[in-house]
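Q: Chain residues, written in single-letter form:
2 protein chains.
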Amino acid sequence: MIDYTIDWMPENGAELEANMNEAFEKIVEERERGISGYYFLPQDSRMIVEEVEATLLPTQTVQEADTVVVIGIGGSSLGAKALDGVLRSITPEAKRMVFLENPDPVEVSEKLESIDPDKSLFCIISKSGGTIETTTLYKIVLDRFGLRPESEHKERLFVITDEGSILHRYAEEHGIKSYFIPHNVGGRFSVLSAVGMVPLTLAGYKTCDILKGAQQIVKAFFDRQADHILQKGVFYAGHWQDYPMNVLFAYGSFLEDFAKWYVQLWGESLGKIDAQGERVGLTPLGHIGSVDQHSFLQLIMEGPRDKTVTFLKVEHFPTEITIPDISLKHIEKNDYINGHSLGELLDGECEATWESIRSQGVPTDGIVLDRISEENLGELILYYELLTSVAGATLGIDTYNQPGVELGKKILVKKFH
Amino acid sequence: MIDYTIDWMPENGAELEANMNEAFEKIVEERERGISGYYFLPQDSRMIVEEVEATLLPTQTVQEADTVVVIGIGGSSLGAKALDGVLRSITPEAKRMVFLENPDPVEVSEKLESIDPDKSLFCIISKSGGTIETTTLYKIVLDRFGLRPESEHKERLFVITDEGSILHRYAEEHGIKSYFIPHNVGGRFSVLSAVGMVPLTLAGYKTCDILKGAQQIVKAFFDRQADHILQKGVFYAGHWQDYPMNVLFAYGSFLEDFAKWYVQLWGESLGKIDAQGERVGLTPLGHIGSVDQHSFLQLIMEGPRDKTVTFLKVEHFPTEITIPDISLKHIEKNDYINGHSLGELLDGECEATWESIRSQGVPTDGIVLDRISEENLGELILYYELLTSVAGATLGIDTYNQPGVELGKKILVKKFH
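Taken in order, these protein sequences are the chains called A and B.
Just so we're aligned, residue 1 is where the first sequence starts under the UniProt record's numbering, counting upward by one.
Just so we're aligned, residue 1 is where the second sequence starts under the UniProt record's numbering, counting upward by one.
Hints are not guaranteed to be accurate.
[Said to hold, decoys possible] Taking CB as the label site, the calculated pair distances span:
| hint | chain 1 | residue 1 | chain 2 | residue 2 | range |
| --- | --- | --- | --- | --- | --- |
| 1 | B | 219 | A | 414 | 57 to 63 Å |
| 2 | A | 414 | B | 227 | 32 to 38 Å |
| 3 | A | 305 | B | 329 | 55 to 61 Å |
| 4 | A | 222 | B | 93 | 56 to 62 Å |
| 5 | A | 327 | B | 396 | 41 to 47 Å |
| 6 | B | 35 | A | 359 | 27 to 33 Å |
| 7 | B | 329 | A | 98 | 25 to 31 Å |
| 8 | B | 15 | A | 327 | 45 to 51 Å |
| 9 | B | 316 | A | 16 | 55 to 61 Å |
| 10 | A | 53 | B | 204 | 43 to 49 Å |
Calculated from the structure, these hints are not laboratory results.
Every residue gets a Cβ at the ideal spot worked out from N, C-alpha and C, and that includes glycine.
All chains, full assembly: derive it from the sequences and hints.
A: This is how it looks when you write it as structure tokens:
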């Protein structure tokens with residue numbers, strides 16, 4: 001269960017209502033016209049999960065593997081990494097996941113050292129099929145481990161891409177098993193497609209439950225039973241010039257990759273040139289509590305009033321530590337925390353920080369998970385995707401493209417020719 | 001060697017010159033009046049390093065240890081973590097470092113599992129001496145490992161704090177070895193004090209060389225041989241309303257913790273209420289290339305013109321991988337990269353992204369390290385501290401305090417009483 005709260009005072013009722021209705025209608029239209037297809041993933045991806053469970057999990061290759069290597073970058077890795085980061089704590093039996101993303105020779109060398117190819121499954125993920133980082137890292141993996149796709153090695157290779165892409169055609173050439181991403185689902189909205197579901201299912205996560213949680217909020221949203229999403233998205237987009245930055249303050253180190261996933265989703269979707277040719281956009285910032293109270297809180301408290309802050313927290317942790325009843329001489333003032341759990345301290349810090357930021361008139365809101373579960377994470381993913389769509393619809397931009405990244409790709413190719 | 005470039009056109013010469021001189025004079029005054037003391041650390045900390053090297057490194061306890069555990073948060077951990085993250089690649093023989101920072105029961109449980117107390121050294125670091133997260137995690141460590149500070153266990157305990165703090169008094173009570181932080185050096189400016197130097201020296205890093213690199217840029221700055229720092233700081237502060245956000249785009253995954261250190265330094269120093277009672281501030285964002293080209297580049301390229309971008313890169317990596325000459329059928333268009341090194345690809349991505357962002361009129365600048373070395377990292381640390389001081393002096397704020405974090409601390413204590 002997730003509890004959503006919005007702390008700012010509701011604005012003019014009739015106008016807000018009209019803006020919410022307008023955003024809602026746009027999204028219904030986007031869905032009906034197939035402009036974006038992520039709304040259907042919670043249902044459609046069940047087939048993929050069931051197929052992986054029925055045909056791959058029982059094989060000797062998968063059974064004997066202890067590692068799932070994801071070769072992909074950006075939308076092809078961030079989502080699965082975020083889910084692995086959070087769900088690992090309740091799924092200790094899941095196979096280890098290694099993400100080969102950044103073409104950084106130091107990091108890649110270290111990660112390759114840790115991989116035993118005979119006990120690994122490799123997912124090569126690229127929507128377009130031609131992502132330079134991904135195909136390059138794949139070549140390095142083939143070379144380093146002597147993998148020959150034309151041999152029985154192909155049983156440990158899985159390709160996830162758009163149907164008909166150059167990567168799909170490569171896979172067909174060698175008989176490598178391929179899974180497809182719907183054409184109208186962009187990378188940053190694709191974690192609940194084969195992009196996330198195949199590697200996470202191979203690793204042993206309960207992906208069906210992730211989809212179940214996601215489906216619940218899709219249904220609630222389109223039934224107008226989750227209007228808080230509309231309310232928040234319309235507020236953020238309507239005030240983008242007052243509050244150009246949105247901070248996600250997530251309490252728990254395991255949420256670090258989730259915060260990165262949010263930054264990609266929000267930043268790449270909502271920084272655009274609008275229909276009038278104006279540059280508009282909201283800048284996402286991901287921070288982790290309580291660590292970043294010692295880093296970023298001062299700026300939120302006393303710096304310019306240019307940020308909204310969302311607190312994301314979990315009520316009950318799967319692991320707990322009781323703070324021992326030790327009194328350190330001269331530091332007795334801190335004994336008030338003895339006997340409490342470490343999770344209670346973290347939660348207390350979140351509540352105290354939230355209260356102090358709210359007291360400064362900063363628009364705050366909260367997302368409180370009762371516990372870490374597959375359903376909750378699925379819901380959280382879809383919640384943020386819907387919120388992004390609402391904000392984009394209100395801003396009057398194309399939420400789903402990313403034309404600004406093409407120039408750099410062209411310059412790169414020229415540099416090496 | 002580090003090469004610094006500024007891409008934006010110089011502004012009105014006489015005015016710029018006057019602003020740079022004014023900022024410089026303020027910093028000279030801050031130094032002379034002892035308002036901040038970090039300028040002296042590169043020289044003063046040599047004694048600490050030499051003492052640790054002479055008296056601790058040869059002991060059996062240190063020799064047999066394979067892990068240095070840092071118990072600290074914010075300014076007490078981020079700096080050492082940043083240096084460990086970067087220098088590890090050229091110092092593979094250094095002892096493993098574990099940072100106990102966040103009071104997150106999931107993460108702490110996992111890290112405690114990985115610690116063998118008989119082969120570990122524990123640095124308990126808190127400037128005030130009473131940081132609730134730090135004293136709590138210390139109690140958990142004492143309890144979990146059955147460490148008794150009154151026994152010979154104290155040989156593996158080290159306290160780093162302000163002289164006379166409650167933590168110092170606690171250490172004295174038990175005869176635990178203490179190191180001090182100068183009173184006029186705040187947490188986020190303290191990495192070159194005992195805060196960073198003691199754990200890093202214990203781990204086996206060449207800390208003297210870090211200090212040497214730092215000293216070079218302090219000298220250059222006060223000799224007016226590094227005026228690019230003044231130029232950049234004055235520009236950022238003078239245009240804080242046009243460009244309220246400063247992005248550090250660092251190429252290399254090993255720079256991730258360095259980017260976090262920068263975010264703390266910049267955010268906590270430069271988000272303030274100024275002498276006129278106005279809220280002013282610059283918001284730092286840390287991003288890692290090339291990964292975040294797939295996440296944040298679109299927003300920089302087409303979103304509002306509200307950001308400056310600094311590119312940080314390394315020319316030569318200590319480890320390299322040659323991209324094998326493999327042609328993937330149907331993906332031959334990517335063969336242009338074959339035979340190059342992975343570092344060349346990363347560098348090419350940096351250059352291409354830099355060029356594409358510059359083409360949009362975004363103010364960009366560059367920091368290029370010829371290689372990863374202790375001297376370069378020491379210089380980079382001090383460069384950013386000086387830049388922060390220049391920006392703060394130009395903004396007319398107190399760069400070195402953090403009054404905004406006190407309210408949350410008070411609310412926290414009340415919650416548990």
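Q: The structure should be examined with respect to each hint, and the outcome stated for every one.
A: Going down the list of hints, with the structure as the test:
{"no.": "1", "hint": "B:219 to A:414: 57 to 63 Å", "result": "41 Å, violated"}
{"no.": "2", "hint": "A:414 to B:227: 32 to 38 Å", "result": "35 Å, holds"}
{"no.": "3", "hint": "A:305 to B:329: 55 to 61 Å", "result": "56 Å, holds"}
{"no.": "4", "hint": "A:222 to B:93: 56 to 62 Å", "result": "59 Å, holds"}
{"no.": "5", "hint": "A:327 to B:396: 41 to 47 Å", "result": "45 Å, holds"}
{"no.": "6", "hint": "B:35 to A:359: 27 to 33 Å", "result": "30 Å, holds"}
{"no.": "7", "hint": "B:329 to A:98: 25 to 31 Å", "result": "26 Å, holds"}
{"no.": "8", "hint": "B:15 to A:327: 45 to 51 Å", "result": "59 Å, violated"}
{"no.": "9", "hint": "B:316 to A:16: 55 to 61 Å", "result": "56 Å, holds"}
{"no.": "10", "hint": "A:53 to B:204: 43 to 49 Å", "result": "48 Å, holds"}
Comparing the model with each earlier hint shows violations of hints 1, 8; every other hint is respected.
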